[in-house]
Amino acid sequence: MNVSSISRTLALLLATCGGAAAQEHALHAAVPSAGPAMSEGKTFTESGGAALTARVCAACHQAGGEGAVGAAAYPALRHNQKLASAGYPVTLMLYGLRGMPPLGRMMSDTQVADVVNYVRTHFDNPYGDAVAPGDVKAARP
Amino acid sequence: MAEASGFSRRKLISLVGAAAGSAAAYQVMTSLGFAEESPYRGPIRLDGDPKGASVLVLGAGLAGMTAALELHRAGYRVQILEYNTRAGGRNWSLRGGDTYTELGGATQRCDFDAGLYLNPGPWRIPYHHHGVLDYCRRLGVALEPFIQLNHNAFVHSTAGFGGTPQRIRTVKTDFDGATAELLAKATRKGALDAEVSKEDQEILIEALRSLGGLDKDLAYRAGPESSEFRGYAHDPGGGLSARPVDGEPMALHDILTSRLWRGLQNFLLYEFQTTMFQPVGGMGGIGEAFARALPPNTIRYGAKVTTIAQDGHGVTATYQDLANGGAVRQAQADWCVCALPLTVLSQIPTQVGPKMKAAIDAVPYASSVKIGLQFKRRFWEEDEHIFGGISYTDLPIRQISYPSTGYNAGGKGVLLGAYTWNGPNSYEFTALSPAERVRRAVAYGSQIHPQYRTEFETGIAVAWHRVPFTLGCAGDWTDAARAEHYDNLCAIDGRIMLAGEHASYIPAWQEGAILSALDTVTRLHKRVLAA
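These protein sequence lines map, in sequence, to chains Y and L.
Mapping the first sequence onto our numbering, position 52 (from 1) lands on 52, and the numbers just tick up by one.
Mapping the second sequence onto our numbering, position 258 (from 1) lands on 258, and the numbers just tick up by one.
Okay, chain Y solo, but in the shape it has when bound (with noise of 0.2 Å):
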């Protein structure tokens, strides 16, 4: 097991167990049999760069980040060396592009920065320069 399965096959174990548990809420965590829990209300409740990206970016980017190919694409977050500036994934989160739909304005500013510091830091980005929720916020429309 190579270092970066071992962080992806750690992601999922984030996601699926650890933050997920922390995130239940009271009410659906009543149903045990629907967990674990998926957000309440109009913003994600998910904490946390790994569960956050298992649970929304992985909805288009994949859950090992290799994106698809279809009628047309969405990008790979592996090895994308366009996340080199921080800034750009933070704009994609604030402002979306194209197609993609501005997902940060649900998220607080510190969930957009962990997103942004773990798809950085994961799928073999070596980006260590990590962004604060203060320069969310600053980027913010």
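FYI, nobody ran anything at the bench for these hints, they're computed from the structure.
Since the structure is predicted, the reported quantities are computational estimates derived from the model, not experimental observations.
Possibly wrong hints are sitting among the right ones.
[As the list claims (entries may be wrong)] Output of the computed footprint for chain Y on chain L, the stretches with three or more beta carbons under 8 Å from beta carbons of chain Y:
#: 1; region: 346-356
#: 2; region: 363-372
#: 3; region: 464-475
Glycine included, every Cβ here is placed at the ideal spot set by N, Cα and C.
Fit chain L to the given chain Y structure using the hints.
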């Protein structure tokens, strides 16, 4: 009814028009029922000879096929390139035996019994979507009523009434009755004296009593008046057990704090008012009928468009022939009607000006998930007396829709077990595997219908952001984006023009796709005749 006192309505209108101008005439027309609010005015007429002009249509959804059909009838040479191996696009039904592979590679086989289906995309047609209805009529697509409002379906909140689903009938009647009582009593106390004349107050009170189920004391409470609206604790019957028993209305406080009233909006909005329709056998029947109406071989399937170029003489689309190893081919025509979703078109190098390109890039696509669940028996009819309609819930599945067909005949049935639209849950469902989506839909739905646990057989889940031919559900315009880009999106750029629900003010509805196609081919035809 055209004649009244020997004086025709048309004559009256023309007299009013002559005397008071066309605005007054329009007002009279509206009140007499001649004028329509819909922009659809019946089949378009593209008169005049296009002299053999050719049009390349991209995308065989309803917009593309509407454009192709009308242009063909007007004498154009028409060809369509389509990514899928079927026509219809988002107009689509999944039936038993179908397989569906989503982005990421997960393949589902639909194991529904014969005659049962899921409409992953559009599933209902408002009575005022005249374009869709007219094409259904002309193409021989049989319709049946789609039940949007069923008073006996549920509204459900995990927090309100201890999580017990409540009948729409009682929530709606009790809310209306309680508010009618409040308003009637406030009126009687003189609280409205400043706003409403004494004469009107008396009429208002009479109206509230009549419509709200109030008794002679203007009270909404258990009794024959309220029971005629909300139903009975024990329904009237025959013989010795015939006497009805009135039910006790819910307290207004409980309705308000449960937030169950939120679900009622779905029955009041213009786009959901009765009568709604669905094609018999699945919405996909419309796309199939369009494809049959086109000349043979008009549609080239399995064609993935990769570039769109134009010059002063025509348009060239380059595409991969997916059935032949992705062989690169080209299609050419004098003009191009591009009905590809903007998610797709925005990634295709397209030779248009900066304004149209900016518009193509300006529209994010909504997220939506639909899950169809087959059950061994129609327990919602047999146990709960719910025949069609929709239950609304604050659970992540949001809705459960009961089939608007095959009533009261026993046997199996397919429910729409989840329908999300934007919001966190839609993305969270999309990120799950199809099997996990179905599993959760069953788990959540069993909070409303416990029979799920024993009666569920098989399900299929379509998450629109993972649909390979659209990468999203529908254009999700903001007012600001519309103000800046909409007109540029709809303008003809050289020899290229767009069509689709995204190029309409009825986004995500088939009517928008059809009206945009009719508008764009009408403008194209004018330009061709003028050339």
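Hint by hint, here is what the structure shows:
1. 346-356: Three-residue rule met by the region 346-356 of chain L, so holds; n is 3.
2. 363-372: Coverage by chain Y holds here, the residue count being 5 at a Cβ distance below 8 Å.
3. 464-475: Check passed, 8 qualifying residues.
Consistency with the previously given hints is maintained throughout, with no hint failing.
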